[in-house]
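K.L.:
Using the sequences plus the hints, can you model the full thing?
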Amino acid sequence: MSIIKKEFINPFIEAAATVLPQIVSGISFTRLGLELAKENHASPEKLAVIILGVIGAIRGRVIYILDNKLASQISMNMLKETCVSDELTPLARSALSEMTNMITGKAISILSNAGYNADFSPPTLFIGKEIMIPESDVQAILIPFQTQFGNLELNIALKEKS
Amino acid sequence: MSERSEKVLVVDDAQFMRYTIKKILAKFGFTNIYEAENVENAIKVYQAETPDIVTMDITMPGDSGIEGLRQIKQINAQAKVVMVSAASQKDKVIEALTLGAKHFIVKPFTDDNFIATIDKVLKM
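Chains as they are written, first to last, in this note's numbering: chain D, 1 to 162; chain A, 1 to 124.
To be clear, the hints were calculated from the coordinates, so they are not data collected in a lab.
Incorrect hints may appear among the rest.
[Said to hold, decoys possible] Covered by chain A, according to a simulated footprint, are these stretches of chain D (three or more residues, beta-carbon under 8 angstroms):
id: 1; stretch: 16-26
id: 2; stretch: 89-102
id: 3; stretch: 109-122
We put the beta carbon where it would ideally sit given N, CA and C, even for glycine.
P.N.:
Take a look at the structure:
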């Protein structure tokens, strides 16, 4: 199994740090480091999991994993609503997907400017417990962020097109 | 805020983005706002309503916004289309502008920046 290149990881960290404060006012977050993602890991907690495919000079996928509370707070903030609900409406789900679209779009733009001309698919969102994170033929890297509302993890598995 | 009569077509697969853009347009007085969630519907609405301006997402299931731009330009070479995208890869921007897009807005954007672009393009 190949290892993801460092230059494919940093644009996502930069993109998250740039985009999140723009769309979620008042959010404070800390990156907790980098770790290898566990294979076939399924959390017992209720999560929002959003997957985007990457194609072009770089191939693979990016997965955003959010605590349910954080997912509710982000969507509420993006919709400028004052009442937080644990159950996400279709519009709130769309807002959450759009957040990942913006972060991924920013990261892909950074990668493209660095010579890796890539594109990405629209996000697909799942909400529930015991969601199995799909395996990849590249060792996935986990980038955990801690916010005052809960945790966000980016699970990234990308490789250059052979 | 005075009412504005220009027709705007918002094309985006994301319900949230259509909601957000419509809200901004309404806040700045636009009343004739149409929406489509894909290129196929966008073409139908474009032909039926002949909007003054179109905001077009790029990354959508099915035909992309670039293809949507191409089809609208075939219907009306003078059409004013603003691309709205989360990504700003140089080749995408160049392709869109070459095909006749009037502007390229990168998400996330502020209400003021968005409406300034719409106003600018409408005056072209």
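K.L.:
Hint by hint, where does the structure go against what was stated? Just the numbers, ascending.
P.N.:
Of the numbered hints, all hold.
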